[in-house]
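> So you can see what is in the structure, the chains are spelled out below.
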Amino acid sequence: MGTIVTPTEEPARDSAVAGWVKGHLEGLQAYSLLTGRAFRNFFARPFYGGDVILQMDSIGVGSLPIVVLTGFFTGAVMALQLASTLAQYGQIERTGQLVALSLVRELGPVLTGLMVAGRNAAGMASELGSMVVTEQVDAMRALGTDPLKKLVAPRLLATLTMMFFLAVIADLCGMVGGFLYAVLALGLDARQYWYTALQALGSTDISQGLLKPVVFGIIVASVGCYYGMSARGGTRGVGRATTQSVVAASVLIILSDFLISRVLIGIFGS
Amino acid sequence: MHPDAALIEFDHVSMHFGMQTVLEDLSLAVRRGETKVLLGEAGSGKSVALKLAIGLLRPDAGQIVVLGENVSRLPEPALFALRRKIGMVFQESALFDSLSVRDNVAYRLDEEHQMDEAQIEQRVRECLAAVELEPAIDKMPGELSGGMQRRVAIARALATEPEIMLYDSPTAGLDPITATNIMEQIIKLRDVKKVTALMVTHRLQDGFLLATHAWDAASNQLKQTPKGDQRTSFMVLHNRRAVFDGSGSELRSSQDGYLRNFLQST
Chain A
5 MGTIVTPTEE
15 PARDSAVAGW
25 VKGHLEGLQA
35 YSLLTGRAFR
45 NFFARPFYGG
55 DVILQMDSIG
65 VGSLPIVVLT
75 GFFTGAVMAL
85 QLASTLAQYG
95 QIERTGQLVA
105 LSLVRELGPV
115 LTGLMVAGRN
125 AAGMASELGS
135 MVVTEQVDAM
145 RALGTDPLKK
155 LVAPRLLATL
165 TMMFFLAVIA
175 DLCGMVGGFL
185 YAVLALGLDA
195 RQYWYTALQA
205 LGSTDISQGL
215 LKPVVFGIIV
225 ASVGCYYGMS
235 ARGGTRGVGR
245 ATTQSVVAAS
255 VLIILSDFLI
265 SRVLIGIFGS
Chain B
1046 MHPDAALIEF
1056 DHVSMHFGMQ
1066 TVLEDLSLAV
1076 RRGETKVLLG
1086 EAGSGKSVAL
1096 KLAIGLLRPD
1106 AGQIVVLGEN
1116 VSRLPEPALF
1126 ALRRKIGMVF
1136 QESALFDSLS
1146 VRDNVAYRLD
1156 EEHQMDEAQI
1166 EQRVRECLAA
1176 VELEPAIDKM
1186 PGELSGGMQR
1196 RVAIARALAT
1206 EPEIMLYDSP
1216 TAGLDPITAT
1226 NIMEQIIKLR
1236 DVKKVTALMV
1246 THRLQDGFLL
1256 ATHAWDAASN
1266 QLKQTPKGDQ
1276 RTSFMVLHNR
1286 RAVFDGSGSE
1296 LRSSQDGYLR
1306 NFLQST
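Same order as they appear, the protein sequences are chains A and B.
Numbering-wise, my numbering puts 77 at position 73 of the first sequence, and it's gapless, one number per residue.
Numbering-wise, my numbering puts 1093 at position 48 of the second sequence, and it's gapless, one number per residue.
Hint data in this document are derived by calculation from the structure and do not stem from the laboratory.
Since the structure is predicted, the reported quantities are computational estimates derived from the model, not experimental observations.
Do not take every clue at face value.
Examples of chain B residues toward chain A, derived with CB under 10 Å [unchecked claim]: (1) Leu1127; (2) Arg1129; (3) Ala1198; (4) Pro1271; (5) Phe1289.
Simulated pairs of lysine to any residue, SDA-like, Cα-Cα distance not exceeding 25 Å [stated by the list, open to error]: (6) A:Lys154 / B:Leu1154; (7) B:Lys1184 / A:Thr149; (8) A:Lys154 / B:Lys1233; (9) A:Lys154 / B:Ser1117; (10) B:Lys1130 / B:Pro1120; (11) A:Lys154 / B:Arg1129; (12) A:Lys154 / B:His1158; (13) A:Lys154 / B:Asp1148; (14) A:Lys26 / B:Gln1164; (15) A:Lys154 / B:Gln1159; (16) A:Lys154 / B:Met1064; (17) A:Lys154 / B:Thr1066; (18) A:Lys154 / B:Leu1102; (19) A:Lys26 / B:Thr1066.
Ideal Cβ placement from N, Cα and C applies to all residues, glycine included.
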């Protein structure tokens, strides 16, 4: 038996789809405006230097343990996995080269980005979201302070700066992790490991490795702040904003990783 | 600015959130030294009116002039400067929970960098003394009761000696004794500092307390005034529209069905 479609259902579905599209486009517009204005506020007075330092401590120093651990064990597991494959082709001495390349190009920045997204995008969304739902952000505006200058710009500046250093630290820890496994478990020559690792890194690899974490830092802070500042509906709204911020930041990191890789390989060659 | 000119003036103001109308065709005027009490049930648009007055929201239609400035059109940086002359007390106090009472009250002064630390400390203590909370200066907001938080919020709004105070349900959720204490502070500010105010509340008794009592500086307490306070007027919002604008006695004697029902139920 066929379903009877009443004439009113189609327009209703159309308006629901239009509403969904409109809502997402408005969200994208609000996100772009917030990020753009936060960037402009980097150079506007008053400069909240104290807040930037505080955020750098929270994001940079606070994330250091998980980034060191993630980097170290990623490097070690890369050496473990690659060595068995390389051994089949008699190329086990190139373990250092492949560990360094995969870490600097991809795994260091991406895993650091995802770790910092899980930790700090969530932290920013929940902190700012709580301030929004308890009217503290409105109170700040009522007291003559621009929340974009006081809350968003310092987080953005601190995250993009600290992400750069965290990714470099993750790369180094990963190479050390790979080195220890290669030397202690595989019995490879230490000098050969470092020689092949450092020789393998070209300008494309270095530029990818240094640019990606800065972009990921911007994504983590802007997404975390956007979801926090647009939180509505009490504690449940804060929880929703926190979850959405981690999901959105993680997806954007993976997506932008592909785009940056494609563009830089296009410029510098592989 | 003419001395008799309204410090706060709403001219046919309407406001929507998406498809929902939250305020429709609201016009009101508050002159220097006057207090306007905005009454209405939950969802009648009272708090929205207050946020419009300080430029936290912008109206979709009509214009709002505060202290001679059109806040509905003013760019955000100019609004930040204007807000120095306006103090706002939020419904749930909205104290910065990561800052101490001292830093909350000093917030605006710290941001402006116009006073040295000793001057700021003195000003903070004066504001806290005005709400009888100087001993709590080193506490964190979380350590204070709801009533004390509300008083700190008043002290914070007072720090820049504003010409206008906006109160958003300052006694909501408080026990009757604490609520009366908060109202005492508000009446004291009106009578001692001559602050112009717009107060949103759903508690009729708070509005009538403002209209019938004055602060007696000699005895340091509230006293009933025989003729009532002529500078206090009332506006009642219902279904996002103003349904009454007048004095307390006019409100009490109104024969309007909704108003009678509203007065009896509150």
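> Could you run down the list of hints and mark each one as holding or not?
To see whether the hints hold, each was checked on the structure:
A hinted interface residue such as Leu1127 of chain B counts as satisfied when its beta carbon comes closer than 10 Å to some beta carbon of chain A; here the least separation is about 9 Å, so the hint holds. The beta carbon of Arg1129 of chain B is positioned within 10 Å of a beta carbon in chain A (closest approach about 6 Å), and the interface hint is therefore held. Look at Ala1198 of chain B: its Cβ gets to within about 8 Å of chain A, closer than 10 Å, so that hint holds up. The interface hint given for Pro1271 of chain B is violated, since its Cβ lies 37 Å from the closest Cβ of chain A, which is over the 10 Å cut-off.
Hint status for Phe1289 of chain B: violated, given a least beta-carbon distance of 28 Å to chain A, over 10 Å. Of the pairs offered as hints, the one joining Lys154 of chain A and Leu1154 of chain B holds, with about 15 Å between alpha carbons and a cut-off of 25 Å not exceeded. Between Lys1184 of chain B and Thr149 of chain A the alpha-carbon distance is near 23 Å, which keeps this suggested pair within the 25 Å criterion. With a CA separation close to 34 Å, the supplied pair Lys154 of chain A and Lys1233 of chain B exceeds the 25 Å bound.
Pair hint Lys154 of chain A plus Ser1117 of chain B holds up; C-alpha atoms about 24 Å apart against a cutoff of 25 Å. With a C-alpha separation of about 16 Å, the suggested pair Lys1130 of chain B and Pro1120 of chain B falls inside the 25 Å cut-off, and the hint holds. Distance check on the hinted pair: Lys154 of chain A and Arg1129 of chain B sit about 17 Å apart at the alpha-carbon level, within 25 Å; holds. For the proposed pair Lys154 of chain A and His1158 of chain B, the alpha carbon gap of about 15 Å is at most 25 Å, so the pair holds.
The suggested pairing of Lys154 of chain A with Asp1148 of chain B holds, with an alpha-carbon distance near 15 Å, which does not exceed 25 Å. Taking the CA atoms of Lys26 of chain A and Gln1164 of chain B, the gap is near 51 Å; set against the 25 Å cutoff, the hint is violated. Of the pairs offered as hints, the one joining Lys154 of chain A and Gln1159 of chain B holds, with about 18 Å between alpha carbons and a cut-off of 25 Å not exceeded. Straight-line distance between C-alpha atoms of Lys154 of chain A and Met1064 of chain B comes to about 32 Å, which puts the hinted pair past the 25 Å bound.
The suggested pairing of Lys154 of chain A with Thr1066 of chain B is violated, with an alpha-carbon distance near 32 Å, which exceeds 25 Å. Between Lys154 of chain A and Leu1102 of chain B the CA atoms are separated by roughly 20 Å; this keeps the pair inside 25 Å, and the hint holds. A distance of roughly 19 Å separates the Cα atoms of Lys26 of chain A and Thr1066 of chain B; the hinted pair therefore holds under the 25 Å criterion.
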